[in-house]
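Take 396 as the starting number for the sequence shown in the numbering used here and just add one per residue.
Listed next, the in silico EDC-like pairs over lysine to aspartate or glutamate satisfying Cα-Cα at most 16 Å (straight line):
id: 1; residue 1: LYS465; residue 2: ASP761
id: 2; residue 1: LYS465; residue 2: ASP772
id: 3; residue 1: LYS792; residue 2: GLU475
id: 4; residue 1: LYS465; residue 2: GLU769
id: 5; residue 1: LYS407; residue 2: ASP585
id: 6; residue 1: LYS465; residue 2: GLU773
id: 7; residue 1: LYS530; residue 2: GLU600
id: 8; residue 1: LYS639; residue 2: ASP695
id: 9; residue 1: LYS465; residue 2: GLU430
id: 10; residue 1: LYS465; residue 2: ASP739
id: 11; residue 1: LYS465; residue 2: GLU777
id: 12; residue 1: LYS792; residue 2: ASP474
id: 13; residue 1: LYS639; residue 2: GLU699
id: 14; residue 1: LYS792; residue 2: ASP478
id: 15; residue 1: LYS530; residue 2: ASP595
id: 16; residue 1: LYS407; residue 2: GLU773
id: 17; residue 1: LYS639; residue 2: ASP700
id: 18; residue 1: LYS639; residue 2: ASP691
id: 19; residue 1: LYS407; residue 2: GLU430
id: 20; residue 1: LYS465; residue 2: ASP738
id: 21; residue 1: LYS407; residue 2: GLU486
The calculated label-pair distances, taken between Cβ atoms and stated as ranges, are:
id: 22; residue 1: PRO737; residue 2: GLN677; range: 49 to 59 Å
id: 23; residue 1: ASN625; residue 2: LYS588; range: 45 to 55 Å
id: 24; residue 1: PRO553; residue 2: ASP614; range: 16 to 26 Å
id: 25; residue 1: SER649; residue 2: ALA485; range: 42 to 52 Å
No wet-lab data here; the hints were simulated from the structure.
Each residue gets a CB set at the ideal place from its N, CA and C atoms; glycine is no exception.
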Amino acid sequence: MTADTGPLSGLKVIDAATLAAGPLVATWLGEFGAEVIKIEQPGSGDPVRQWGAQRDGVGLMWKSLGRNKKSVTLNLRLDEGRDLLRRLVAEADVLVINLRPSTLHRWGLDHPSLANVNPGLVMVHVTGFGAGGPKTDRPGFGTLGEAMSGFAHLTGEPDGPPTLPAFMLADGVAALNATYAVMMALYHRDVHKGPGQLIDVNLVEPLARLIEQPVLTYDQLGTVPGRTGNRWDISAPRNVYRTKDGHWLAMSGSAPTVAMRALRAVGRADLTVDPRFAEAQQRLRNAAEIDQVVADWVADRTLEDAMRVFEEAEVAAAPVYDAEQLVADEHLVARGVYPSIPDDELGAMRVQAPVPRLSATPGRIDHLGPRIGEHNDEVYRERLGLGDAEIAGLVAKGVI
Numbered sequence: 396m397t398a399d400t401g402p403l404s405g406l407k408v409i410d411a412a413t414l415a416a417g418p419l420v421a422t423w424l425g426e427f428g429a430e431v432i433k434i435e436q437p438g439s440g441d442p443v444r445q446w447g448a449q450r451d452g453v454g455l456m457w458k459s460l461g462r463n464k465k466s467v468t469l470n471l472r473l474d475e476g477r478d479l480l481r482r483l484v485a486e487a488d489v490l491v492i493n494l495r496p497s498t499l500h501r502w503g504l505d506h507p508s509l510a511n512v513n514p515g516l517v518m519v520h521v522t523g524f525g526a527g528g529p530k531t532d533r534p535g536f537g538t539l540g541e542a543m544s545g546f547a548h549l550t551g552e553p554d555g556p557p558t559l560p561a562f563m564l565a566d567g568v569a570a571l572n573a574t575y576a577v578m579m580a581l582y583h584r585d586v587h588k589g590p591g592q593l594i595d596v597n598l599v600e601p602l603a604r605l606i607e608q609p610v611l612t613y614d615q616l617g618t619v620p621g622r623t624g625n626r627w628d629i630s631a632p633r634n635v636y637r638t639k640d641g642h643w644l645a646m647s648g649s650a651p652t653v654a655m656r657a658l659r660a661v662g663r664a665d666l667t668v669d670p671r672f673a674e675a676q677q678r679l680r681n682a683a684e685i686d687q688v689v690a691d692w693v694a695d696r697t698l699e700d701a702m703r704v705f706e707e708a709e710v711a712a713a714p715v716y717d718a719e720q721l722v723a724d725e726h727l728v729a730r731g732v733y734p735s736i737p738d739d740e741l742g743a744m745r746v747q748a749p750v751p752r753l754s755a756t757p758g759r760i761d762h763l764g765p766r767i768g769e770h771n772d773e774v775y776r777e778r779l780g781l782g783d784a785e786i787a788g789l790v791a792k793g794v795i
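Start from the sequences and build out the full structure, keeping to the hints where you can.
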């Protein structure tokens with residue numbers, strides 16, 4: 396698949412957001428053929444360039460998050476910068492932005508204002524808390540979403556503190572929601588001949604939707620679920636178990652048939668007819684006992700031996716991988732999940748291939764994240780028709 400044959404070929408996206416949630420939306424659209432113009436602050440660029448691990452001053456997260464994007468510098472704090480953005484928006488299909496609502500209104504970049512420039516524009520506005528409430532204009536990051544959504548309250552050991560994830564969970568879940576919302580808005584516009592529209596997505600609600608079970612429990616039973624470590628109060632056995640050789644494996648007995656297979660695999664077929672364990676709700680009431688049965692069995696075996704038994708018995712179990720083990724997994728290697736992509740700054744870098752996989756129009760990685768402003772000439776000179784003198788003047792004023 397080439398850039399002009401992807402399922403989103405011809406779609407023009409302006410990524411004027413920073414850090415993770417908003418830019419991820421543009422990244423995923425770009426993997427499937429959309430042209431993505433990444434707006435960055437002159438000089439510093441998107442803060443994600445300085446996020447996390449660096450190699451020779453090059454941000455590794457940026458290299459993946461910036462894949463397939465064209466980087467242009469543009470100072471939205473200046474009137475002339477905002478005017479240039481409006482010119483880009485005039486011919487765009489999608490704008491992704493994460494400024495505070497009050498800033499959007501003050502700068503004339505709110506959806507009604509931009510819809511006057513381009514009535515078909517689909518605008519994704521990512522904020523910490525969403526519009527319409529007392530927290531509307533507060534700054535927000537994924538950490539706050541992970542706390543307020545209920546995720547941290549449920550994560551960790553019963554006698555330990557609430558636990559935050561060591562990756563951009565709230566940002567990623569919000570971005571997934573926003574990406575399918577973009578496709579629905581475009582379908583409404585292009586198939587049903589409707590107008591463009593505003594997509595309001597925040598960092599709390601998408602993750603809270605995945606963690607809805609405690610709200611349902613509180614609403615109907617009046618109880619607030621707490622932390623259970625690696626166990627889960629919807630199925631048993633479900634935990635991580637340490638093997639004889641110091642490794643860990645995870646198991647899920649979410650389906651009753653799989654739970655029964657697990658009991659037989661660990662040599663306790665007798666428990667499959669025991670009323671305390673044969674039925675799902677009874678297993679939950681006796682989860683600690685069934686968990687100990689599995690833990691003791693796993694502790695007497697190496698990871699290789701335990702996994703061989705579980706695989707033969709078709710038990711839902713898997714090793715707990717670190718990054719080194721993940722990229723070496725024979726199944727993922729066979730599927731080409733982590734290709735090495737050439738890069739003029741790093742030489743090459745291994746990143747995860749696009750997901751999901753489409754049989755006729757798969758995603759692609761044309762290049763990793765570009766240098767700051769690498770595509771200024773292409774966009775400003777060729778796209779907007781700016782001349783040398785005009786470009787020089789904008790550079791001198793700090794606009795681009």
